[in-house]
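One-letter residues, chain by chain:
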Amino acid sequence: MESRTPQRSLPWGLFLIACLLILSRNPIWFADQVRLVPPLSQCVLTPDDAWQVPAVEAGLVDLLAAVPYWLYAILSATVITVVATTLAVNSSCIALFAVLGLSMMSDPLHVVPGACLVLGWWLMNSLSLRHRASIQFALLCCLALGTVFLTLEFGLILAVLLVQTLLVLLKGREGAGHLKFFLVMTGVTIGGFVLSLSGFRPTLLRPLTWVTVPVELISRLQTPMQTWSGGIAVAVTGIAVALFVYAAFQQTERMPKGRLLLTLTALCLLWGLVITCEYYFFLGAIALCLLVRELVAAPIEAFSRPALRIISLAGIVVLLGLQTDKVAILAGQVPQQNVVPQNWVRGGRVILLDLDRAPLWQTQQQSQRFSLIVDDRWDLYRKSYREYLSVCRDLCDVSIDSFLRDDESWGGYRQKVTAWDASLLVVPSEEFGAIRRLSNSPHWKVMGIDGDRTIFGLQSVAENLPQLNLALRSILYLEWPTISSELDISNTIAVGSEQHARTVANVLCAIRLPFAAMRFIRNDSSPAAEKIRTRCYFELAHRVYRHSSKGSLLDQYRAMSRLRREVRNGEWSQEEVQNFASALPGIGLNPETIPEFQSVVADATELQDSRESQREGTQQIDSESFADLRQKFLRGDSILLLSEAGELDTNQRELMGCVLAAGELSAADAMRAFEESLSDLTSAKPELISEYKFYYGCLALEVGEVRILREALTESNNFMQNSPFTEIRDLYLQQVSR
Amino acid sequence: MVKPVKSSQPDSNNAVSESSQTANGVDAPTKPSRKTLLVWGLFLAGSVITVAMGWGRQQLASVSNQLPQARFQSVHSGWADESRCAECHLEGESFWETGHAQSLRPATDPESLNKLKELNDFLSQRSPASAIEFSEQSVQATYDRDGIESRVQLDWCFGSGRHAQTWTGSLPDSQGLIDLLEYRWSSYHEIDSFDVTPGQPKETQAGYFGGLGMLFDAPKAKMCFACHASSLEETSGRIDLHTIKAGVTCQRCHGPRQQHVASEGAILGQKVTELSQMESVNRCAECHRRAEEQEPGEVRRDNHKIVRFQPVGLVQSPCFKGSEMTCVTCHDPHRTLEAQDSLGIWQCVQCHDGTDDKHILCGAGEIDNCIQCHMPKVQMSAPLQFTDHWIRVRHAGEAN
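From first to last, the protein sequence lines stand for chains A and B.
Counting from 1, one number per residue, gives the positions in the first sequence under my numbering.
Counting from 1001, one number per residue, gives the positions in the second sequence under my numbering.
Hints listed in this document are in silico derivations from the structure and should not be mistaken for laboratory results.
Treat the hints loosely; a few may be bogus.
Pulled a few chain A residues facing chain B out of the computed Cβ check, cut under 8 Å [stated by the list, open to error]: (1) Arg25; (2) Thr265; (3) Asn579; (4) Ser582; (5) Pro585; (6) Gly586; (7) Asn590.
All residues carry an ideal CB built from backbone N, CA and C; glycine is no exception.
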């Protein structure tokens, strides 16, 4: 009795773990819906002979087109548990590893194919069917047909079924005649389908042809090891399989060599599929676990020591915990995750830069209103992808008109977009560079931003105009809040988690709206948010420099002191440091003169050297020492400042002290520090007070205190009308007074 | 670590396994034979190959770098040293005098400096708030508005001077991308003097740069260089100003010719002269504009703005539609306009020679100077004139 209890409870335990892991991957699991069957591919470039999943096309499985996420979690966990328990019947860590790997990478669209694989394995190995060969044959035929009618991945399933059939035949078991017949029948049927249905063959070959698809379009065709969770999934699944292979090696003499060779070859191919293609990880890993089971006589038990079991379980708990940044299992309110395009427009044709997002546009509600140019069905569009990718690249580069390429083909997006009649462009929100460039496009304007995608609308499409105007007003309102009105931005910007808020902030900063960006990370002090804040200060510093040719002590000191510290601490990648080095001339600094950037600057930028010196030459508004100190502030040389502050008069020291403090304080605290300091100013020069007031106003804008901003900037203007900051001061006042 | 255990349930694979079980039911490890070791060796090798292929696939799967580049960015894809073109091609000697070859030069080029000095004298009379300052290494444009000085360094001079020349300054933005400031004042050949740059308002605008000119963002700046330079290198959207090959030179139109030079003249790929009629015009239209890329409704007889874009009008012409003519029927881009015979009538009379009813002779009875009526010069709003390439019979009321 004692030994049975854990065996009985094991599947339930595994099921629970799988369920929790799958649920933890979706913060809105209690409200979200997913598809368990692939959508019909009805894109602009869909070929006439495209293969569609017959059951979906016939409307036989509409129920599976939108199932609650929790139900998917249960179904997926069931499949995973069955697979795991075939590997280990006792409370083995192998089963835990398999559950962990499969749960982290489970995919709604692969639950049905996964179930087919499990069912196939059961039909092949079921003791109850061993003596009922005809029934087994009939069921196998039904299963083979079922996979063709229900899934897109029948190529992989049929291949695994055929390997399993061959393995059984090589075992020389009774009923082999029926299995041979099944083999022949399957071959003939597939051959018939291939010959008679022109769209069938490309779909059958999906598990092979994915290799040729550009990963820029379908990122899930990259190795799963590119992400943290994918790497862990590969590792734990690999451990589980390796333990089995090791056990099999010890029992190897019992297995016929042909069978061993076939199994190992199949394992080799499947392992290759699993580690190179995230899309096929779940299905490939299920097939791998089922096939590796063929190598040994009985399920094995490994790492059976209780301490190791506890450690494994603790690892799973930690994994669950690590995902809590985006998990709201216990949250009571459903956070809005994405903007909803159907709230803006009746429909349109959509260009997706990342085709992994295609299923989101092919839900029942959206597919009738929006049609994609292509989707992630690479079996249908493999030949179009290259051209599509070229157009996407031209869109991101804002290459509008035709230009000759080096292969003598023509680039430029205008004619293609016109031919496709596209009206929406969806860019992943992490593509900050592309979003930045697109924000300059004369055709595409922002319609909505969320943590997942940034949606641009074609300005010439009349139906887009109401939302384009609302979006413009919304993001300008965030950047320049006004006293007179309030605006609901929820239709334009949606944020569901801190992670999403940071992404949105990065997008807003990329489109030159740093004040708006910082409003989304106001209470976030994570390292990632701090880096965004640095970017925003840099953008602000550039804005002031561009409008005045004079560095803003406040913004530039905050930007440079933070940036240099973060670069020293290794918080920015080499590429990012290189990018900042290229951008430093944009705030009047030569990267060669700043120690943290010297290593990444290859050639001297003589062009900027002379420009910088000449620009600064026009800024001598105070004594020599104050000008020197100002220059050091602009470079973010915080260490040198304290020793030199003694040469300044009281008012100058006050200003420098405030700026220095602002580098470490929140905007609200820095504003208060400026306020106190301003009240203590005695007999200061008007230009100094004017500059003081300007910075005070900028901090008020950052905090959102529009009244204080207006007062401060008006007073700044009164003290010195022809200050270098006049243009930017007027711009700020004009924006908040609109 | 791993121990085979007694099966707790009937096993489907027991045909083989049962025979290997010991009396107490526990599997006994057996020593693998050579054949078995060979199989496992193959498995190991296969696994390594699979992983290597997977890794290789990751390297190859990114096709962005394999996609064809813009020709103006293909300088590292087999470009030849263009000074060698003249060794075999006579055109290679005179070509450098053409407007194409001189369509861009550094602002500090002697010819540009001379113009800028003239401009400075002009500004002292016409717009005292504006000035040009010269130093050893650079040229700066300044504008004084109520005591606040705006300033920008002029880096490039766009245009050959056949029509006009405009200066620009390069301004890095907060991501290091290069924006361009198009200077407010241009030099015009027609008046041999200076005036406000085409497309810019006559009055100065607000903002720091409002008195200096007009700002172009990075993508637009790139397109300026794309048509005035033969190649520019770009990293993450950043133009490398130091590597720009100024002017439209041989390989900008003929493509990379390193192999052609190395093989001492082998014809590789399609010759420009063998292009189809429309493709030939489109090659020129890459910079001189295509008709289908004008905004809707712009291609009209009464729209003088399109006159500046010669291919736009040309492809509307009955002469173009009814013949095989292209831009190079009349123009030889290897020669200066003055050296070309593009103003004569020999091109017209190839068809309009009185032998074919379709190609009528001049209704006004003229026998030469077809251009004057059918391709007149049209005055733009700036002091610029362009030949209207929409070859047609102009009716009364159609302004020239």
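The hints, checked one at a time:
{"no.": "1", "hint": "Arg25", "in the structure": "violated, 24 Å"}
{"no.": "2", "hint": "Thr265", "in the structure": "holds, 7 Å"}
{"no.": "3", "hint": "Asn579", "in the structure": "holds, 6 Å"}
{"no.": "4", "hint": "Ser582", "in the structure": "holds, 3 Å"}
{"no.": "5", "hint": "Pro585", "in the structure": "holds, 5 Å"}
{"no.": "6", "hint": "Gly586", "in the structure": "holds, 4 Å"}
{"no.": "7", "hint": "Asn590", "in the structure": "violated, 11 Å"}
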